[in-house]
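If you're matching them up, the sequences are chains A and B in order. Here this note's numbering is used: the first sequence runs in plain steps of one and ends on residue 396. Here this note's numbering is used: the second sequence runs in plain steps of one and ends on residue 531.
Simulated from the structure, these hints should not be mistaken for lab results. Every residue gets a Cβ at the ideal spot worked out from N, C-alpha and C, and that includes glycine. Do not rely on the hints blindly, as some may be mistaken.
Here are some chain B residues pointing at chain A (derived, C-beta under 8 Å) [unchecked claim]:
| id | residue |
| --- | --- |
| 1 | LEU35 |
| 2 | TRP60 |
| 3 | PRO173 |
| 4 | TYR177 |
| 5 | LEU509 |
| 6 | VAL510 |
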Amino acid sequence: METYKLSTWFREYGWRHLVGLTFVVFSMYPILYVLSNSFADFPNLENSKLIPGSFTLKHYQSLYGDPLVPYFKWLFNTYKIASLAGIFNVLLGTFAGYAFARLKFRGRRVGLITLVLIQMFPAFLAFVAIYLLFFQISDIAPFMGLGTHFGLICVYLGGSIGFNSWLIKGFMDTIPESLDEAAKVDGATDSQIFFRIVAPLARPIIVVLFVLTFIGIYSDYILAAVFLKDTNLYTVALGINVVFTDDFSNEWGSIAAASVIAATPIAVLFLFFQKQITGGLTAGSIKG
Amino acid sequence: MKTSTILKYILLGIFNALMFYVVPLAISYESWFLLIIIGIITFLINITYITNKLKPLKWITPGFVFLISFVLFPAGYNFYVSFTNWQTGHILTKTQVIERLEDLTYSTEEQKGVEFDLYVMQDSNLDFFFLADFDQDNLLFGRAVTSDQFEDIEYATHEPSFKDSNNNITIPESFYLLSGKEQIANSSTLQDLSLLVDKNTRIKLYNISVFGASSGRIFSSQQKYTYDKDSEILYDNRKNVACTLGDRGNFICGGESVDPGWRINVGTENYQRIVDDQRFRGPLSTVAKWTFQFAFFSVALAFIVGLLLAITLNNEKVRFQKLYRSIYIIPYAIPAFISILVFRGLLNPDFGLVNDWLDPLYQLFNIEPIRWFRTEESSKAAVLLVNTWLGFPYMFLIVTGALQSIPNELIEASKVDGATPRQSFFKITFPLLLVSISPLLIGAFAFNFNNFTLIFLLTGGGPPIVGADVSVGYTDILISFTYNLAVSGGRGVQFGLAAAVTTLIFFLVLIISAISFRYSKRLERVYGNI
């Protein structure tokens with residue numbers, strides 16, 4: 109009788125856990141492997157295994173102090189670029205979203221359709237033109253030319269502002285307009301309505317879009333690769349992939365440690381905002 | 002006036018001043034496109050903030066300035082570049098090329114015979130100085146420099162004070178005179194140095210003598226090319242020929258084109274290469290085909306895995322659902338560039354974990370281990386495997402969401418009508434699922450169509466296709482292929498051609514989006530009234 113019960117259970121639910129667990133192994137194995145390897149005392153990739161049996165911090169320590177591999181400089185650069193671009197992105201995006209959601213004006217429809225159309229094309233597609241454009245800007249305004257963080261931030265700003273204003277506009281549409289009407293009756297100006305009523309109420313979407321923009325820029329490779337030439341100005345994506353991979357096997361420990369440091373904050377941020385982000389997924393946004 | 006108004010005008014003034022500073026520079030570099038964009042932005046910002054009538058623009062302009070400058074404008078500029086021959090050898094504008102050519106010099110041979118005494122010394126900064134005892138009236142002294150310092154150095158001066166009354170050389174105390182041996186020790190540095198006499202004449206150390214004074218020689222150089230603006234003729238002064246304008250953006254001197262050339266409009270030539278040139282079209286169509294296959298199979302595999310998991314776990318009686326869900330989302334939370342790097346290690350054919358795992362299978366069936374990344378098939382398999390790992394969490398999430406939004410009554414009703422679980426899945430659940438997620442699937446297709454990061458970081462496009470006219474590999478997709486053309490191709494950069502391929506990608510993305518739009522409209526019509 110007992111075996112009969114077990115097989116029924118298996119036919120009903122057990123196989124589900126079997127499939128589920130298979131994919132738990134599939135998704136977690138590489139992650140745990142890198143995590144354990146970053147603390148393990150192996151000479152190279154060939155001798156690595158999942159459960160190391162030795163513990164060392166030397167791979168993390170090796171990321172310090174080598175002037176040819178300024179790992180923490182790259183991390184700092186990335187955080188700087190991604191947060192500045194992210195902040196200005198949502199700021200300017202919120203302004204534009206507000207105008208499209210609340211102010212009635214001629215050309216509003218055309219503007220909105222333009223936003224939707226632009227959003228279909230990833231900004232990096234025109235990387236050849238962006239490169240040549242900044243190649244010329246370098247002559248005229250060197251502070252924002254090729255190889256500068258300022259120029260790169262400008263490109264990132266342009267790249268996601270259309271998309272963000274569109275989503276913010278959509279969110280603001282759901283904020284009841286009667287709130288503004290009431291404030292208007294009391295004599296509030298447009299900017300008072302924006303700063304005191306609409307923007308605070310739109311905070312959830314603003315925070316999520318900041319996080320998404322931040323993660324998107326953090327993970328970008330192609331524009332950073334086109335733009336940055338000086339190793340000291342690299343972002344972490346560029347640095348890890350250009351510098352470490354010269355001697356892949358023997359650098360494996362450092363690669364693992366660098367990966368753990370670069371991935372952890374982003375993964376935590378993502379998991380923390382998971383609900384809001386995955387809610388936005390069905391609205392059509394795809395993480396890069 | 003209110004303080005905010007004053008502040009506004011001050012900021013506006015600073016902005017305009019900056020723009021007026023930039024305009025002449027843009028003109029001098031012939032950056033006409035840049036000039037257009039500067040004009041548009043300046044106009045937009047002024048009209049927005051000077052008049053009080055365009056209230057909405059005040060909110061929109063700041064963001065749109067960036068959108069116009071760095072998204073819309075590059076798209077248009079890309080189109081323009083695709084009609085030029087902007088590539089290695091044709092990077093500069095015509096004016097810049099002429100400037101560069103007129104800077105070139107060549108050495109004239111005749112005067113090389115004259116030799117004279119030359120003294121080498123160093124000051125306290127260890128900079129080298131030459132003293133040339135040329136003749137009675139010319140005891141030339143000055144800093145000796147390498148050719149890249151010619152621009153900002155002063156010419157040598159006649160210094161009679163370096164000789165005493167007996168006509169012997171005396172060196173001031175602030176300088177140290179190098180002996181012959183010391184000169185030999187420094188000879189590799191010294192041979193690159195020259196003392197400039199005038200624009201076209203310089204003195205170099207010719208022969209180091211260990212016992213007496215070393216000797217120097219005069220070298221004179223002449224401007225190699227002179228350009229006549231009115232007749233548009235470039236004269237080659239050395240060969241004494243007149244060079245005419247070629248039709249490819251070069252000067253032609255006696256049948257040979259002069260490097261560098263400048264960029265010119267070449268019409269549809271780049272597009273013709275895409276269509277006609279067999280050596281280019283071959284690799285390009287291979288790449289285009291794989292791009293579609295890659296995007297399709299990436300979406301299909303991730304979707305199948307995501308769907309399988311969602312259906313398996315979407316049952317109230319299955320325990321630990323939340324735990325499963327939070328584990329599956331982790332691959333999606335990690336930046337792709339890191340996961341890809343890690344997979345490069347895991348799939349390493351010699352030391353990687355995956356081949357270690359598969360080793361028993363290799364032994365059992367007595368087959369060669371897979372040489373990941375070294376053969377076409379294994380590279381393509383690796384790309385798809387990694388992309389499934391990266392992509393299935395997203396599919397799992399959206400399918401789960403869509404499944405939960407399908408009303409349970411529909412399934413119940415079909416059961417009442419006698420449908421088997423299989424029937425109700427394929428006839429009801431699955432079609433409804435497709436309605437809600439097909440735009441997202443097409444979005445995922447478009448994303449993978451341009452998934453540069455995965456291809457570039459995992460395989461670098463490799464393994465290379467041998468014998469192709471351009472640098473291209475079996476796993477290259479259109480965007481990584483374009484990147485190689487524009488940035489790191491083996492045969493110099495080809496911006497014009499790369500821009501033409503990008504324009505092609507633009508249109509493909511446009512078509513995909515249009516299909517997505519029509520498809521979701523049609524599905525809505527079919528299933529919308531359930």
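Hint check:
Of the supplied interface hints, the one on B:LEU35 holds, with its beta-carbon coming within about 5 Å of a beta-carbon of chain A, less than 8 Å. About 4 Å separates the beta-carbon of B:TRP60 from the nearest beta-carbon of chain A, less than 8 Å, and the hint is met. This hint is violated: B:PRO173 has a C-beta 41 Å from the nearest C-beta of chain A, more than the 8 Å allowed. Checking B:TYR177 against chain A: minimum C-beta separation of about 34 Å lies over 8 Å; hint violated.
Annotation: interface hint on B:LEU509 violated; nearest CB of chain A at approximately 10 Å, more than 8 Å. Because the beta carbon of B:VAL510 sits about 6 Å from the nearest beta carbon in chain A, less than 8 Å, this interface hint is met.
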